[in-house]
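Given next are the chains, with one letter for each unit.
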Amino acid sequence: MSDPDNELIDSLRELVTHQSVPPLAWEEDLIRRIGETPARSPLARRLWPQGQQGHKWWRPALAEAGGALAIAAVVVLSIHVFFQPGPSSAVKGPVTSPATSPTTREPGPSPTAASVSGFQPEAMTAVSDSTFWVLGTNGCAASDCLSEVLHTINGGRSFFRIPAPPTDFLAGNLSNPGPPTVTDIRFADLSDGWVFGNTLWATHTGGSTWHQITFGATLLGVDQLEPGANGYVYGVFEICTNPTTATGCVHRLMRSRATSDTWSVITPPGNPVGWPMIGVHGDTVWAMYFLRSTGLELISHDDGAVWVRGSSPCEPDLPGSLDPVSTSVIWAFCTTGNLGAPYVSSNGGLAWASGGGIGGSFSNGAMVAALSTQHAFVGGGGSGLSVTENGGRTYQSIAALNGAEWIGFTDSEVGYVITRDQTTRATALWRTTDAGASWSRVSLP
Amino acid sequence: MEDLVRAESRRLYSIAFSILQDASEAEDAVQETLISVWRRWPWAAGTRPTSSWLTRVCVNQCLNRRRSRLRQMRLATTAADHERWQDASPTTDLDLARAYAQLSKQQRAAVALHYFYGYTLDECAELLGNRPGTVRSHIARALVTLRRRVSP
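In order, the protein sequence lines correspond to chains A and B.
So the first sequence is residues 1 to 445, counted in our numbering.
So the second sequence is residues 1 to 152, counted in our numbering.
A few of these clues could be false.
Stated by the list, open to error - For the chain B half of the interface with chain A, some residues (derived, Cβ under 10 Å), not all of them: (1) Ile-15; (2) Glu-27; (3) Val-30; (4) Trp-53; (5) Val-57; (6) Leu-96.
Stated by the list, open to error - If you anchor each label on the Cβ, the simulated ranges turn out as follows: (7) Ala-140(B) <-> Pro-316(A): 28 to 36 Å; (8) Ala-351(A) <-> Ser-104(B): 32 to 40 Å; (9) Ser-326(A) <-> Ser-36(B): 27 to 35 Å; (10) Thr-424(A) <-> Arg-48(B): 47 to 55 Å; (11) Arg-149(B) <-> Asp-317(A): 19 to 27 Å; (12) Ser-104(B) <-> Ala-353(A): 33 to 41 Å; (13) Gly-118(B) <-> Arg-425(A): 39 to 47 Å.
In case anyone wonders, no lab produced these hints; they're calculated from the structure.
Ideal Cβ positions, reconstructed from N, Cα and C, are used throughout, including at glycine.
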């Protein structure tokens, strides 16, 4: 190796190894997680100190090596069946367009046959293709049900319940002003996460412990919470002088370090008022402000420090949502007086094109989850689920996921849908690993 | 097992990060390595996995992972590509860091194991499941790419 190469390698070694230090407390978290994993033999568990041998919330079947082998066999079989064309247990989507005819496969009972007595997924969040959390209820499907959080590190092949949040930690309807409720969940990394609704709870221990963030008892609700780059997390909060009577309320765009509970207000130029809806991708933040006749879209490419003005695709007084794919490609879903409509921008939100073409009729409660300027899924809110692969010119309905309430993607291939059966109200979580060409129901304990 | 985690996890994380160039992915790779060992190692025989065996499992985990291009709509990410190098202020360092991140995973693994962690070409070949000639070829191509991208 020549001298210039030596210099190059020396510089590179310094750069790379300088960065390769795990985060604080990661090791302890790792020890805890591995300790919670069933081992091959009972003897192995004794290698852990006392107090780390509790595995009761693992599925019993996973506690045996035979169970693991059986699951591996099922997975292999599933993959085999999953990608076999033709009839099987798969539920076929539309057949008129093979390119957009997702299949679905259920390992367990069908949604219509499902009992609402099991775990009912309501929301989910992921930090990688394999690691995600599901917020839901167990034993009931209405309000006033205790919430539960399931966690997987293997793409949903197995789950464990993370320690229970406080007992008054309820899942229910945000419009219920009574007990504290949560309806959504986010994790920024393996340690830092939040569940929120009309209360906000945070964990910095991977869910081992939760604490409530109260904003001095002025918090009425959390509309959005989105982790970004550089360790930041963004939230849209409704703060009131009197939250009990919901008086003196304003919406605030705020930011905190994911590792802390110190939230500070972000004030874009002109101090826009109204209700912001945000989209976050890396260090880029989009904020649409809605207030009667004043609609405004602002864009920041540096974690909210400097803002430029974009153009809002939505009506000024009718809110919408954003789904960024990259710093340049972003989709929006805008409500209208009647039906909602998707829009797409390929220049970072400076200009928008309508994405509501043939076959795209969506209720105001729908949302968009996009993979590119051309490929997007739109649905929810009673609209069913539809997909476009031509930028919204035409849509294909995915009949098998007609009860879709929420959809999101972790990357260009892996995504999730939460469906709710309109008869039983049972919910189900579905997963795709091929950009929505086929969907498989996630088996939840 | 706890002793093993304390003794090995940081070293494995460092190797995983060098290959994956993503903190979250590196954490996952090490976690999956250790859980795999925890589940499969014949602890009852009274033996413990060796460092070199752990390294091989970890490298395999890294090479077999598909990198996530994480999205933000309810799906969190921990780092944007550029933030990893926020401390590397000189332009040449940034160029070098970016050039390294743009190498293939096999090339990064070969360069990291050989130059950063001192494994011989034969040991690298063993860890990567390649022949020594293939490792040499990965390294040579990586150096050509790095030189080309950082040369003024």
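So, going through the hints one by one against the coordinates:
1. Nearest Cβ of chain A to the Cβ of Ile-15(B): about 8 Å, under the 10 Å cut. The hint holds.
2. Given hint, Glu-27(B) at the interface with chain A, holds; its Cβ is 6 Å from that chain's nearest Cβ, closer than 10 Å.
3. Taking 10 Å as the C-beta contact cut-off toward chain A, the hint placing Val-30(B) at the interface holds, the least distance being around 7 Å.
4. The criterion of a C-beta within 10 Å of any C-beta in chain A is not met by Trp-53(B), whose closest approach is roughly 16 Å, and the hint is violated.
5. A cut of 10 Å between beta carbons decides the hint on Val-57(B): the least distance to chain A is about 14 Å, and the hint is violated.
6. For Leu-96(B), the shortest C-beta to C-beta distance to chain A is roughly 6 Å, which falls under 10 Å, so the interface hint holds.
7. Look at Ala-140(B) against Pro-316(A): about 60 Å separates their beta carbons, and that is not inside 28 to 36 Å.
8. The hint said 32 to 40 Å for the Cβ distance between Ala-351(A) and Ser-104(B), and at roughly 37 Å that hint holds.
9. The hinted window of 27 to 35 Å between Ser-326(A) and Ser-36(B) holds, with their beta carbons roughly 33 Å apart.
10. Here the CB-CB span from Thr-424(A) to Arg-48(B) is close to 51 Å, well matched to the stated 47 to 55 Å.
11. At roughly 50 Å, the beta carbons of Arg-149(B) and Asp-317(A) sit outside the given window of 19 to 27 Å.
12. Taken as a hint, the range 33 to 41 Å holds for the pair Ser-104(B) and Ala-353(A), whose Cβ atoms sit roughly 36 Å apart.
13. Roughly 60 Å separates the CB atoms of Gly-118(B) and Arg-425(A), a value that falls outside the hinted 39 to 47 Å.
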